[in-house]
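Residues per chain are reported as follows:
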Amino acid sequence: MTVNLDTKSIDGLGQEMYNLIAELYPICRSITGNGVRQSLKILQQHIPLEMHEVPSGTPVFDWTVPKEWNIRNAYIKDETGKKIVDFQESNLHILNYSLPIHQKMPLSQLKEHLFSMPDRPDWIPYRTSYYNETWGFCLTDRTLQSLPEGDYEVYIDSSLEAGSLTYGELFLPGQTEDEIFLFCHECHPSLCNDNLSGVALVTFLAKYLSQQSLRYSYRFVFAPATIGAITWLSQNENKVSRIKHGLTVANVGDPGHLTYKKSRRGNADIDRVVPYVLKASSQNYEIADFSPYGYDERQFCSPGFNLPVGSLTRSQFGTFPEYHTSADNLDFVQMSALVNSFETYLSVIDILENNQTYLNTNPKCEPQLGKRGLYSMYGGKQTAPSDRMAMLWTLNLSDGEHTLLDIAERSNLNFSVIKHAASNLENSGLLKVCSSSGDKG
Amino acid sequence: MTVNLDTKSIDGLGQEMYNLIAELYPICRSITGNGVRQSLKILQQHIPLEMHEVPSGTPVFDWTVPKEWNIRNAYIKDETGKKIVDFQESNLHILNYSLPIHQKMPLSQLKEHLFSMPDRPDWIPYRTSYYNETWGFCLTDRTLQSLPEGDYEVYIDSSLEAGSLTYGELFLPGQTEDEIFLFCHECHPSLCNDNLSGVALVTFLAKYLSQQSLRYSYRFVFAPATIGAITWLSQNENKVSRIKHGLTVANVGDPGHLTYKKSRRGNADIDRVVPYVLKASSQNYEIADFSPYGYDERQFCSPGFNLPVGSLTRSQFGTFPEYHTSADNLDFVQMSALVNSFETYLSVIDILENNQTYLNTNPKCEPQLGKRGLYSMYGGKQTAPSDRMAMLWTLNLSDGEHTLLDIAERSNLNFSVIKHAASNLENSGLLKVCSSSGDKG
Amino acid sequence: MTVNLDTKSIDGLGQEMYNLIAELYPICRSITGNGVRQSLKILQQHIPLEMHEVPSGTPVFDWTVPKEWNIRNAYIKDETGKKIVDFQESNLHILNYSLPIHQKMPLSQLKEHLFSMPDRPDWIPYRTSYYNETWGFCLTDRTLQSLPEGDYEVYIDSSLEAGSLTYGELFLPGQTEDEIFLFCHECHPSLCNDNLSGVALVTFLAKYLSQQSLRYSYRFVFAPATIGAITWLSQNENKVSRIKHGLTVANVGDPGHLTYKKSRRGNADIDRVVPYVLKASSQNYEIADFSPYGYDERQFCSPGFNLPVGSLTRSQFGTFPEYHTSADNLDFVQMSALVNSFETYLSVIDILENNQTYLNTNPKCEPQLGKRGLYSMYGGKQTAPSDRMAMLWTLNLSDGEHTLLDIAERSNLNFSVIKHAASNLENSGLLKVCSSSGDKG
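Chains as they are written, first to last, in the numbering used here: chain A, 193 to 633; chain B, 193 to 633; chain C, 193 to 633.
No wet-lab data here; the hints were simulated from the structure. Ideal Cβ positions, reconstructed from N, Cα and C, are used throughout, including at glycine. Hints should not be assumed to be uniformly reliable.
[As the list claims (entries may be wrong)] Partial list, derived from the structure: chain C residues whose beta carbon lies under 7 Å from chain B: (1) 248; (2) 250; (3) 254; (4) 422.
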């Protein structure tokens with residue numbers, strides 16, 4: 193069976209992804225709380241996402257699901273009563289997971305709770321304090337530097353109480369129980385590239401794939417970074433051996449080139465397929481070795497799991513100035529970048545779906561292609577066209593040891609040409625699929 | 193035992209090979225028929241070739257031995273009765289395997305059966321139609337373009353009838369049953385480099401080797417391309433596991449540099465020995481990876497056989513303009529190229545014969561070479577001459593895991609120096625040959 | 193357990209090593225005899241060296257322990273009675289292992305026993321004749337060329353009689369029976385770099401290490417070149433499997449850069465650790481592949497032993513003009529070079545001692561470093577400092593398959609940073625050492 197994932201049906205997809213990002217942008221998300229629930233409900237308008245609630249206090253490996261944090265309002269007023277920092281203007285102003293407070297204090301005391309970026313005086317940094325109970329505000333350095341001495345009124349209407357951690361999951365069953373796993377973190381407040389872009393891409397990829405007949409099963413998880421990935425792994429430990437290929441999805445809307453960060457294994461199929469797709473495109477790209485820092489591949493690739501999960505982003509985390517600042521806004525993500533990222537994910541999946549291993553049913557000498565209408569009539573010419581070369585290579589290497597990607601790489605022919613040749617040869621009875629252990633029937 | 197294959201006795205060999213090519217040149221060969229039989233009988237004047245006849249209709253894997261084709265005469269006459277194309281002038285004029293015909297027809301109808309090379313207007317192309325029953329002529333484009341409208345008389349006195357496919361084989365038994373296999377296609381009509389050059393080289397190589405005492409057994413096969421290789425494999429399936437090293441021999445007389453195309457395995461001994469010989473010579477050369485296109489290595493390297501058979505040619509098939517045209521004639525092959533190719537084959541065989549694995553009989557510490565007369569008298573000097581280094585390397589690496597070629601490559605000393613050192617050490621009792629499974633005794 | 197081998201306590205060591213070289217310099221050593229005994233006794237003033245005597249005639253593999261050679265005096269007098277060559281001026285003047293003689297002879301006869309270096313007219317070469325009973329003198333070419341015709345009085349007061357071969361050995365037991373092995377040849381007469389420098393370095397390294405608590409056991413051997421190494425191996429054959437890492441030590445005082453010659457295995461731990469140390473230093477250095485010529489690594493790496501023993505020198509044997517001449521004197525070795533060599537050996541040992549394999553006790557997902565005080569308080573920043581990266585890498589790769597050096601190399605972090613991280617993580621209970629088979633308890 194050949195799967196054909198073309199991109200013809202994705203017209204208008206850039207606009208749809210961008211619209212979803214814009215709709216999610218104002219919501220104040222965190223690793224727990226209503227912002228996450230509200231966001232996942234918006235995704236449910238596109239895909240039948242299942243929502244999971246894991247109670248605070250649940251042990252998850254070395255960690256514990258934290259208390260749930262919710263926030264309604266927050267500001268700092270100066271002596272004149274003017275709000276100099278206002279949560280309603282940007283939810284980045286609040287140190288994420290701040291405790292409630294309502295108190296007057298002098299500037300010197302306040303300053304211990306303020307975070308700014310002196311080298312980017314007009315940007316608000318994004319800062320968190322999940323595991324250290326405190327409070328704080330983030331603001332532009334220009335505002336910070338302009339504050340006169342005096343008493344300030346600090347107000348945070350938040351709560352940190354027993355509740356739950358929320359994540360969303362969608363499973364698409366395929367012909368086999370082997371899974372392709374896509375994970376995006378959805379815990380950041382008003383930050384677009386990191387990671388509403390990833391949320392939007394995974395949403396529409398899931399929607400697209402749900403309309404296809406596919407060999408693999410697919411699992412899409414939308415969860416908070418770190419604790420969400422840890423919680424998901426803790427709750428799904430018995431399922432992870434089904435994951436044959438995976439990617440963490442983030443930063444897929446910025447104007448930078450695509451970057452693939454390899455899994456810890458370094459030689460998993462996914463570590464070969466993504467670089468192959470990137471190389472076959474005519475774009476700039478970058479391949480990075482695994483490192484135990486970055487997105488949640490660090491959990492999936494911890495030594496006790498060591499899953500074949502890489503990370504396919506555009507700019508890598510931490511490498512662009514807008515990273516974790518108010519400049520990662522709706523102007524920073526581009527529709528063309530979102531579409532290019534989507535197409536790249538689709539090309540990766542097309543290869544994974546079709547990268548089967550075949551057996552030449554006639555392995556001794558070449559079969560007579562001519563009598564099957566697969567060979568031109570007159571002999572003696574100097575060269576063979578690429579479609580005939582693709583058939584000869586596919587027959588020659590279909591010994592149960594080589595996948596179609598192996599054949600494409602060794603023959604220096606495009607994967608799609610090899611896939612087409614394999615399809616023709618299979619139809620002529622000259623090839624058959626090697627049954628693999630993951631197959632259902 | 194050391195085998196020494198020197199080239200001193202090959203004086204005049206270039207002339208002998210050239211003469212054989214010239215004698216075979218006029219004969220109209222095909223994949224079956226009397227031309228092949230006549231050619232093999234000429235070879236029998238040099239070597240005791242055994243001739244095999246395989247009846248038409250015999251199934252050979254996915255193929256069937258075709259009807260036998262013979263041709264006596266063919267021409268095209270114009271309205272004035274002038275022969276504008278005449279088989280007697282060049283047997284390339286006939287589309288190989290053409291059916292008999294005798295008929296008048298207008299130019300427009302005739303043209304559907306004419307083949308020329310517009311970009312080489314004075315050359316006749318070589319074309320075949322083995323598996324599609326039709327007829328045709330090949331001619332220079334200059335002649336084709338000059339043909340006036342009018343009726344033409346087409347005459348082909350050929351037959352396509354039940355008969356047999358003919359191939360020749362010579363087996364030289366050696367000290368072991370392990371075989372070195374040399375295959376050349378002999379089905380082409382008047383084409384010199386492809387492949388009368390290969391036929392001549394294999395003939396004289398067989399003659400030379402039949403006068404030596406050798407470790408390996410040797411098998412030389414002269415058969416038609418594709419169907420001949422397939423037929424031979426089909427009839428000798430139980431013997432092929434004895435083939436330890438093999439080469440298809442073709443295009444060994446043109447002025448281009450030597451080219452080695454690796455076996456499908458890519459890491460067979462032959463894939464190391466031929467490149468070593470080419471590198472050690474001071475000539476230009478080329479190493480090509482295996483591809484399932486070319487000469488009959490594609491059959492020997494089909495996945496059901498996967499034999500260690502590469503191809504050692506000068507210019508590769510299809511890469512020189514004269515390929516499969518009337519320009520591949522007696523002017524195109526050169527005696528010096530034939531001799532150089534012969535010497536290269538001999539060097540390859542010399543290494544294969546001598547590339548044994550030894551055991552140091554005194555593996556703990558160095559043996560005292562001085563008391564055996566293998567070491568100079570006074571100590572303290574700065575450097576050691578290469579013959580002493582060759583002894584030290586051979587002793588050090590003769591642990592049953594390294595062949596002499598391994599030692600030559602690791603020590604960066606010439607194979608012949610290492611072979612000489614091993615011979616001296618074996619004579620002193622410091623080395624003994626590791627028995628290998630293929631040995632008879 | 194972390195071992196810390198710092199170089200703070202080695203102040204003044206350059207001077208101490210140099211002084212020892214100067215004390216040993218005048219003694220006439222050979223592969224046997226009193227010169228060796230006298231030298232080893234001097235070393236016993238620094239370390240508790242055990243002296244071993246192996247009787248002449250003892251079979252040692254393919255060799256036999258030779259007769260013991262001692263010399264008291266030697267000269268050549270011209271017709272006027274003037275000593276033109278005098279052993280008392282330099283013990284290099286005597287062909288090492290010369291038989292006794294007292295005889296007059298004409299210049300022509302004498303010349304057959306004289307050795308000089310025409311290209312270095314003012315240097316005396318060092319020459320030996322251990323296994324060929326003869327006599328001879330080495331002298332400057334300037335002196336040789338100036339000798340007038342006439343009769344000369346040749347006098348050598350030496351003896352070659354049954355006795356023994358002497359070597360010194362020191363064993364320092366560690367926490368495991370696994371051994372690190374250091375070997376230096378001590379048979380050369382007045383030659384400083386080759387190898388009084390090695391003798392001095394090993395002496396003070398043994399002294400230094402005897403004051404540390406170490407994981408490995410250490411064995412230091414001071415023996416004559418070739419026959420000494422062969423004798424030691426012959427007498428200690430049952431112990432050599434304990435040698436996990438080894439180095440032959442020579443030429444460690446000259447001004448050239450450090451050179452590491454790999455063991456025959458080429459991929460032993462020592463073959464990775466020494467190059468790592470050299471690369472991490474900012475010095476020039478050279479890595480040479482194993483060759484069966486050089487120092488006694490050729491015995492330890494003979495195929496019957498194949499021990500993981502490389503050679504760490506400054507200039508390689510035979511590559512500097514002063515090699516085996518009177519110019520390898522007290523001016524040629526430099527205190528700074530001796531100290532740099534010593535520090536390099538210490539760094540190698542520090543890595544070998546600490547290059548353990550750990551198990552992450554919490555392998556599923558990252559452990560929560562924050563609750564253990566190993567992580568900074570506020571999240572969201574762009575980069576992680578190298579000490580946190582070192583912890584993440586060490587946790588991620590501590591799966592029982594990676595040593596700390598593997599982790600250092602893969603993370604591109606310095607070994608000492610990784611070692612420090614491992615120590616912190618072990619103290620927090622997040623890592624534990626993998627027990628290795630060589631451990632005692």
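Practice problem: May I ask you to test the interface hint for residue 250 of chain C with respect to chain B, counting a Cβ-Cβ separation under 7 Å as satisfied? | Solution: violated (14 Å)
Quiz prompt | Evaluation of the interface hint that places residue 422 of chain C against chain B, nearest CB under 7 Å | solution = The hint holds - residue 422 of chain C has a Cβ within 7 Å of chain B, the shortest such distance being about 4 Å.
Quiz item: Do the numbers back the hint for residue 254 of chain C, that is, is its least Cβ distance to chain B under 7 Å?
Solution: Holds, about 4 Å.
Quiz prompt | Per-residue hint verdict: residue 248 of chain C, partner chain B, C-beta under 7 Å | solution = Where the cut-off is 7 Å and the nearest Cβ of chain B is about 15 Å from residue 248 of chain C, the hint is violated.
Consistency with the previously given hints fails for numbers 1 and 2, ordered from lowest to highest.
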